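Chemist: One-letter residues, chain by chain:
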Amino acid sequence: MSKSFVAYRCAQLCALILLALTSGCVSEQQKISATRDVNAVFRVEYERVLAEDGTHTYEVPRDEAFQALRVALSGLGMRLADQSPDLGFLSVYAPAPDPLTRDEWLRAAQADLPKFRGILEQHLGLAAWFVSFEPQGLDVVINATTIQVRGGTAVSLTMRMREVAPPKSGYPRREYAPPTAVRMGLRKIWGALERELPPASGRRS
Amino acid sequence: MQTDEGYPDALPRGYHLHWYLLERVLGQGGFGITYLARDTNLDQRVAIKEYLPIDVATRRNDATVRARTEAHDERYHWGLERFIREARTLARFDHPNIVRVLSVFEFNNTAYMVMRFEEGSNLATVLEQRGTLPEGELLRILLPILDGLELVHNAGFIHRDIKPDNIHVRADGSPVLLDFGSARQPVAHSPSMTILVAPGYAPFEQYYSSGESQGPWSDIYGLGATCYRAICGAPPMDAIARSKGVLGSARDVLAPATAVGAGRYSPRLLKAIDHALEFAERDRPQSIAEWRRELLGEGQQAVPAPVAPPAAAARGEPPPPPASGGGWPVFRTVLAAAVALVVVAVLLRFYPLSGGGSGPPAETAPDPAAQLKERLAKLEQQLAEERQRQAEALAQQQAEERQRALEAEAARKREAEQKKLAEERQRKLAQQAEAERKRQAEQKKLAEERQRKLAQKAEAERKRQAEQNKLAEERQRKLAQQAEAERKRAEQQARQQAVLSAKPATAPPSSAELLVKVDRDYTAGNYAEALAALKPLAERGNADAQLRLGKSYAEGHGVVHDDARAAIWYRKAALQGNAEAQLRLGELYASGHGVPHNDFEAYVWFSAAVRGGNAAAKAQQGRVAKSLQPVEVEQAGKLVVNLPLPGTAR
Numbered sequence: 057m058s059k060s061f062v063a064y065r066c067a068q069l070c071a072l073i074l075l076a077l078t079s080g081c082v083s084e085q086q087k088i089s090a091t092r093d094v095n096a097v098f099r100v101e102y103e104r105v106l107a108e109d110g111t112h113t114y115e116v117p118r119d120e121a122f123q124a125l126r127v128a129l130s131g132l133g134m135r136l137a138d139q140s141p142d143l144g145f146l147s148v149y150a151p152a153p154d155p156l157t158r159d160e161w162l163r164a165a166q167a168d169l170p171k172f173r174g175i176l177e178q179h180l181g182l183a184a185w186f187v188s189f190e191p192q193g194l195d196v197v198i199n200a201t202t203i204q205v206r207g208g209t210a211v212s213l214t215m216r217m218r219e220v221a222p223p224k225s226g227y228p229r230r231e232y233a234p235p236t237a238v239r240m241g242l243r244k245i246w247g248a249l250e251r252e253l254p255p256a257s258g259r260r261s
Numbered sequence: 038m039q040t041d042e043g044y045p046d047a048l049p050r051g052y053h054l055h056w057y058l059l060e061r062v063l064g065q066g067g068f069g070i071t072y073l074a075r076d077t078n079l080d081q082r083v084a085i086k087e088y089l090p091i092d093v094a095t096r097r098n099d100a101t102v103r104a105r106t107e108a109h110d111e112r113y114h115w116g117l118e119r120f121i122r123e124a125r126t127l128a129r130f131d132h133p134n135i136v137r138v139l140s141v142f143e144f145n146n147t148a149y150m151v152m153r154f155e156e157g158s159n160l161a162t163v164l165e166q167r168g169t170l171p172e173g174e175l176l177r178i179l180l181p182i183l184d185g186l187e188l189v190h191n192a193g194f195i196h197r198d199i200k201p202d203n204i205h206v207r208a209d210g211s212p213v214l215l216d217f218g219s220a221r222q223p224v225a226h227s228p229s230m231t232i233l234v235a236p237g238y239a240p241f242e243q244y245y246s247s248g249e250s251q252g253p254w255s256d257i258y259g260l261g262a263t264c265y266r267a268i269c270g271a272p273p274m275d276a277i278a279r280s281k282g283v284l285g286s287a288r289d290v291l292a293p294a295t296a297v298g299a300g301r302y303s304p305r306l307l308k309a310i311d312h313a314l315e316f317a318e319r320d321r322p323q324s325i326a327e328w329r330r331e332l333l334g335e336g337q338q339a340v341p342a343p344v345a346p347p348a349a350a351a352r353g354e355p356p357p358p359p360a361s362g363g364g365w366p367v368f369r370t371v372l373a374a375a376v377a378l379v380v381v382a383v384l385l386r387f388y389p390l391s392g393g394g395s396g397p398p399a400e401t402a403p404d405p406a407a408q409l410k411e412r413l414a415k416l417e418q419q420l421a422e423e424r425q426r427q428a429e430a431l432a433q434q435q436a437e438e439r440q441r442a443l444e445a446e447a448a449r450k451r452e453a454e455q456k457k458l459a460e461e462r463q464r465k466l467a468q469q470a471e472a473e474r475k476r477q478a479e480q481k482k483l484a485e486e487r488q489r490k491l492a493q494k495a496e497a498e499r500k501r502q503a504e505q506n507k508l509a510e511e512r513q514r515k516l517a518q519q520a521e522a523e524r525k526r527a528e529q530q531a532r533q534q535a536v537l538s539a540k541p542a543t544a545p546p547s548s549a550e551l552l553v554k555v556d557r558d559y560t561a562g563n564y565a566e567a568l569a570a571l572k573p574l575a576e577r578g579n580a581d582a583q584l585r586l587g588k589s590y591a592e593g594h595g596v597v598h599d600d601a602r603a604a605i606w607y608r609k610a611a612l613q614g615n616a617e618a619q620l621r622l623g624e625l626y627a628s629g630h631g632v633p634h635n636d637f638e639a640y641v642w643f644s645a646a647v648r649g650g651n652a653a654a655k656a657q658q659g660r661v662a663k664s665l666q667p668v669e670v671e672q673a674g675k676l677v678v679n680l681p682l683p684g685t686a687r
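Listed in order, the protein sequences are those of chains A and B.
Note that this note's numbering numbers the first sequence so that position 48 is 104, with each residue one more than the last.
Note that this note's numbering numbers the second sequence so that position 630 is 667, with each residue one more than the last.
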């Protein structure tokens with residue numbers, strides 16, 4: 057029996073063991089615990105990102121900032137769910153990965169997947185390495201507020217994932233988006249908003 | 038020209054589309070906006086649907102509709118062409134229970150479908166006011182709709198958006214099916230289409246873009262869900278939630294109609310509703326005709342009784358064998374004849390027939406012995422042939438008997454197997470019946486639990502109402518006091534004026550007086566008078582009047598029940614800091630009535646109401662906060678701080 061044949065057989069055996077480990081050994085409770093942990097970690101990251109970059113203040117009246125924000129979000133493919141100009145509130149949504157492009161989503165996934173799988177591995181073992189971020193069946197919902205402050209308008213954004221179709225993977229859904237995706241999404245929205253505002257409306261913070 | 042609030046993409050009121058003058062927006066869906074308009078040529082009201090798929094298109098400042106980006110252009114024009122083609126097809130249906138399409142035309146780079154405007158009440162409103170409908174009334178609405186829908190199905194269309202909101206009940210009680218805007222959705226084949234469904238009324242297959250699995254059974258689900266709503270007071274749970282039950286990640290907790298409507302409706306109707314609400318499309322009735330038969334119980338064709346096989350065949354017994362020895366008598370006869378011939382031959386050998394003595398036979402006479410030998414040889418040959426035939430017949434008979442025995446054995450085994458299978462089936466049926474019994478018991482328990490919760494909710498609502506009534510009475514009392522004080526002051530002023538000018542003076546009634554009068558008119562049921570006084574006051578910006586007007590729309594007092602209009606007036610009052618208006622607006626956002634469901638905005642208004650001193654809003658605020666992120670709660674808090682407090686309107 058040649059050495060290469062033995063190596064081939066060993067590889068086959070390993071693949072079978074891996075398959076058995078990944079397909080049949082993950083219980084519903086394990087999946088729920090794993091998702092809960094991912095949500096908790098992503099929530100901390102999400103709140104940190106929002107604390108750093110979730111609010112910008114511009115030297116423009118509130119109505120002007122509101123209109124610019126509406127146009128900017130629409131230009132990024134987001135659809136209007138509800139608006140209250142008197143209140144300064146705007147809610148938009150779009151199927152994930154909007155407002156990111158597919159390439160941007162893949163880049164965000166590449167950045168966050170190692171951490172994501174690291175958390176999952178504690179619950180799921182090797183099966184964690186077969187899980188990926190799925191944009192299918194999810195909407196990205198963004199709540200935006202514009203509040204008049206001294207000398208300008210403070211614009212704040214929050215972001216969440218909303219399930220619109222059951223997952224094909226069988227894993228429970230996460231509420232919080234991957235942190236890198238949140239960071240990239242915010243950067244993109246601020247960029248679009250600043251293009252819509254008059255050139256002289258400097259950002260103060 | 039003024040745009041309808043809540044519909045930022047709509048054309049403004051008073052806008053002219055050829056000879057149609059737009060009056061107001063009736064509603065907006067994912068694929069367009071429907072307006073109430075007046076046909077100025079014929080001087081009659083019509084409903085006009087504008088193609089505006091929000092996924093791919095947007096309104097420009099010049100009122101034209103354009104694709105959002107160049108990438109969306111192809112999809113937009115493809116959908117536009119479908120919209121026009123389908124309007125032309127629908128125009129062919131002249132059925133009393135289907136909304137009549139009068140015309141279609143292109144304008145503003147989009148298309149418009151003109152339909153007959155149907156006066157009457159919406160079924161959703163009727164159900165909201167009455168809770169449930171008795172069986173006779175439900176069938177009087179349902180059966181004509183089935184006739185109309187069957188016509189649509191036969192033409193190859195499906196409605197895809199059947200729900201109480203899309204069924205209108207005319208003043209004479211006849212129903213009409215509205216809004217074919219989703220029928221064969223114009224961008225249904227687009228890979229990234231938005232799935233627009235009415236939760237609770239849409240079957241699971243509609244949550245996916247593919248139209249392959251959709252058909253008449255999808256509309257039958259919507260009808261079944263509408264009936265379910267009409268018999269139990271709430272729509273069935275959303276198909277996605279049901280799917281979780283089917284996938285096993287949760288229990289499918291849809292209580293069957295046969296459980297929730299037992300005792301109040303006929304078992305036939307309840308069974309038909311449950312059949313229409315089957316989760317898998319193949320398990321539902323496949324056509325309107327089939328479902329109608331279930332509803333009415335007519336045309337139930339008796340299944341022809343199977344023709345019973347002959348008793349023996351049924352038992353698998355072989356046919357009776359022929360009488361034994363069928364070939365033997367012949368054989369024995371031939372054998373006896375042969376023996377007789379041998380005996381005759383021997384006798385002839387020793388006692389010849391001619392010559393009478395023992396001398397030699399005459400030369401010319403044939404030799405009898407030789408003749409006999411020859412005959413004997415022939416007989417032996419015949420005998421051998423006969424034996425051969427008999428042996429063959431015997432072998433064939435034995436083979437046939439063996440075959441019969443084998444067949445009998447096979448039949449016996451088959452019978453045993455069938456018996457075993459029947460037993461197995463019986464066992465499985467018993468298990469299924471047991472499982473079903475347990476499931477029904479669980480569902481009954483769930484239904485009871487729900488009933489209990491509903492009762493608790495009703496009690497809470499009653500208490501809230503009582504509290505609000507008390508507050509309203511208190512407010513009314515204060516207003517009356519204010520009015521009285523004002524009246525006295527006015528009288529005093531009038532007296533002073535009279536003294537000064539010797540002329541009687543009449544001051545116009547104050548806002549407080551008007552509101553007291555309005556409340557008095559409401560209490561007396563004089564809604565028209567109350568509204569006549571209320572509307573100008575509300576339009577002038579009086580928050581209390583705006584709140585009352587909002588309540589009139591919400592409760593349908595003196596005006597048609599309209600939550601969207603109620604929300605508009607509540608919002609005006611809420612923005613002035615009226616705490617009760619803030620609470621009611623928050624409730625509309627939390628329930629999604631009249632405004633899109635939005636927990637964030639509900640939380641903002643509940644928080645504002647709490648800040649304004651409305652204690653009833655506190656519990657609602659806590660409940661909605663559970664569905665928000667902590668940062669969203671913080672974000673909402675900042676908005677609330679900027680809202681005015683009661684009496685400090687901007």
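Because the hints were derived from the structure by calculation, they are not lab data.
Just so it is clear, the structure is predicted and the values come from calculations on it, not from any experiment.
Heads up, some of the hints might be wrong.
Quick partial rundown of chain A residues pointing at chain B, CB under 8 Å, derived from the structure [said to hold, decoys possible]: (1) S83; (2) Q86; (3) E103; (4) S147; (5) T201; (6) I203; (7) P222.
No residue lacks a Cβ here, since even glycine has one placed at the ideal position from N, Cα and C.
Chemist: All hints, please: hold or fail.
Modeler: Outcome of the hint check:
no. : hint : result
1   : S83  : violated (12 Å)
2   : Q86  : violated (13 Å)
3   : E103 : holds (6 Å)
4   : S147 : holds (6 Å)
5   : T201 : holds (6 Å)
6   : I203 : holds (6 Å)
7   : P222 : holds (5 Å)
The structure fails hints 1 and 2 (numbered hints given earlier, in ascending order).
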